[in-house]
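There are 2 protein chains.
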Amino acid sequence: MQDWSKGAAIIRGEIVPIAEARIGVTDWGLTRSDITYDVVPVLDGAFFRLPDYLKRFAASRAALRLAIPEDDAAIRAALHAIVARAGLRDAYVAMVASRGTPAIPGARDPRACANHFYAWCVPYLRVIPAEVEARGARLWVSKSVHRIPEDSVNPRVKNYHWGDFTQALFEAYDHGADSAVLTDHAGNLSEGPGFNVFCIAGGRLITPRGHCLEGITRQTVLEAAAELGIPAEVRDLPLAEFIEADEVFTATTAGGPVPVVQVDGRVYGNGAPGPASEALRARYWEMTRRPALRDQVAYA
Amino acid sequence: MQDWSKGAAIIRGEIVPIAEARIGVTDWGLTRSDITYDVVPVLDGAFFRLPDYLKRFAASRAALRLAIPEDDAAIRAALHAIVARAGLRDAYVAMVASRGTPAIPGARDPRACANHFYAWCVPYLRVIPAEVEARGARLWVSKSVHRIPEDSVNPRVKNYHWGDFTQALFEAYDHGADSAVLTDHAGNLSEGPGFNVFCIAGGRLITPRGHCLEGITRQTVLEAAAELGIPAEVRDLPLAEFIEADEVFTATTAGGPVPVVQVDGRVYGNGAPGPASEALRARYWEMTRRPALRDQVAYA
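Going line by line, the protein sequences match chains A and B. Going by our numbering, the first sequence opens with residue 440, and the numbers climb by one from there. Going by our numbering, the second sequence opens with residue 440, and the numbers climb by one from there.
In short, the hints are calculated from the structure, not lab data. Hints may contain errors.
Copies of one chain are not kept apart here, so a pair can be met inside one copy or by any two copies together.
[Claimed, not checked] For lysine to any residue, the following SDA-like pairs were computed, each having C-alpha atoms within a straight-line distance of at most 25 Å:
no., residue 1, residue 2
1, 582, 500
2, 582, 682
3, 445, 542
4, 445, 652
5, 494, 609
6, 582, 550
7, 582, 563
8, 582, 528
9, 582, 478
10, 445, 624
11, 582, 551
12, 494, 483
13, 445, 545
14, 582, 526
15, 494, 442
16, 582, 624
17, 582, 652
18, 445, 554
19, 582, 547
20, 445, 463
21, 494, 715
22, 445, 502
23, 445, 551
24, 582, 568
25, 494, 512
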């Protein structure tokens, strides 16, 4: 009896329990982080906005010149198969394209590699834990690192270059915060480890333009704002303006929108989630239940 | 009969052929590139400057707050064991420390992970192929990306954040060059994918100070320069000064010093390796044969 409860993966064409899914230590996806991925949620038995995630994953592969044998239909079938096999009603589902290894050992040319696809799913996870979400998160603005600039590594191509995030996370924990947010080299907000950031100021919703992922959850929040009549701006967001905002929240595939009650020493709304943030969060979860945006998993 | 000719690895405490050495797809060493490594050469049956590599590997782990069970003596023993098992007289030997995965699935805190060590060796490889070395390499200065700045990811801590290098490599190949070199955001030289860069100008040796690895091969080259009476400078090196230099060469553990005969449109020394570069290269290889710097492998 294999244990599927912790998740499943498809790798080298075979579906295996998550604990058995491994890649080679000389794969350039590891040794050069020459790899891209995307993560789509399964919520109550259905993928949410799967075509949007597949589209972004294809764009990421094209940007990195990664060519995998699978087309979108095959990727979609693989994602359905692993979620069904694991029997997960709520899941965090990763699709990955890696450079692989060169046919000639020792070759250094990425064009000489056989690129490959794999995917895995685990029970739904939250970048910010549920108990933190309930009271509102405390964020720390890193003082020691800036977000990797987009003319070094393109953040719109989802990537595993998390060195800046990891250092910022340690710094945040050292200061008693729940997570971190990074500024770019010009002092504007960028993003945190695994989430976009937003603020509400003067009744307007503002989220950073550059040096961050164009999150699909961010997009859903922007659509929710439009439905609620909240004007939204995607633009450079100076740190001082962010700190002085009325409300702050984060958004990610892995947990949706999460209210923030403190950034560094600044406390928002007397330490309680703000009304606009809460309205957007409620609308987001309502949107995840709309049939047009859902792709039902065919469980056995 | 297992095939050890392509290399060996030690992972999860077991020595296996290189093709069987794999890490989990959810290991943060992969999914966050939360990992550090070092690479030491074995040349004609002995490690070269192994204590220096072990020291840098320890410093890298400390910088990333990675704590592995193995001490330097255990790491050294593991490296000897895999090279002996593979029977390689000339080898590229990697030692790696990875964050691992959190004990609680879904946790996001790097402090909750069991960090782990592994190592692998393959036949000696060259960042720049031997046939390119023989005629002198052509480098391309990336126009599309700058080196990841050191206040985002510290380049002195050896890391797998190669997204900028990979993009620059594609750009170099598109322009018919053999490899790439990157500038920092201020327009100074940094390094290339897997090597430091040097130039000779007015009889002086110059190598960049910032946004690059403090290479042990670079250090050997600086020591070689001292022995040969060539004054050396480690400082900011503006691109224009580099392009206008008399000679250019690269240096890496994986191939030693390699002459460069062209950078972008500029040809050096009528397309032949320069005399100071060649003197330093010859001294480097002579130094690799000095018993005091060698650590003999005990082959079976």
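Evaluated hints:
1. 582 - 500: between (33 Å within a copy, 21 Å between copies)
2. 582 - 682: within (14 Å within a copy, 36 Å between copies)
3. 445 - 542: Close across copies (13 Å), not inside one copy (34 Å); limit 25 Å.
4. 445 - 652: neither (28 Å within a copy, 39 Å between copies)
5. 494 - 609: For residue 494 and residue 609, only the inter-copy Cα distance (24 Å) is at most 25 Å; the intra-copy one is 33 Å.
6. 582 - 550: between (39 Å within a copy, 20 Å between copies)
7. 582 - 563: neither (31 Å within a copy, 41 Å between copies)
8. 582 - 528: neither (40 Å within a copy, 47 Å between copies)
9. 582 - 478: So residue 582 and residue 478 fail the 25 Å test inside a copy (29 Å) and across (31 Å) alike.
10. 445 - 624: Classified as neither; 40 Å inside a copy, 44 Å across copies.
11. 582 - 551: between (41 Å within a copy, 23 Å between copies)
12. 494 - 483: within (23 Å within a copy, 51 Å between copies)
13. 445 - 545: For residue 445 and residue 545, the Cα distance is within 25 Å only across copies (10 Å; inside one copy 36 Å).
14. 582 - 526: Neither, since 43 Å and 48 Å both go past 25 Å.
15. 494 - 442: Neither: 32 Å inside a chain and 41 Å across chains, both beyond 25 Å.
16. 582 - 624: both (11 Å within a copy, 20 Å between copies)
17. 582 - 652: This pair counts as both: shortest intra-copy Cα distance 21 Å, inter-copy 23 Å.
18. 445 - 554: Classified as between; 21 Å across copies, 27 Å inside a copy.
19. 582 - 547: between (36 Å within a copy, 21 Å between copies)
20. 445 - 463: Both, since 22 Å and 14 Å are each at most 25 Å.
21. 494 - 715: neither (30 Å within a copy, 53 Å between copies)
22. 445 - 502: neither (32 Å within a copy, 32 Å between copies)
23. 445 - 551: between (35 Å within a copy, 18 Å between copies)
24. 582 - 568: For residue 582 and residue 568, the Cα distance is within 25 Å only inside one copy (24 Å; across copies 42 Å).
25. 494 - 512: For residue 494 and residue 512, only the intra-copy Cα distance (12 Å) is at most 25 Å; the inter-copy one is 49 Å.
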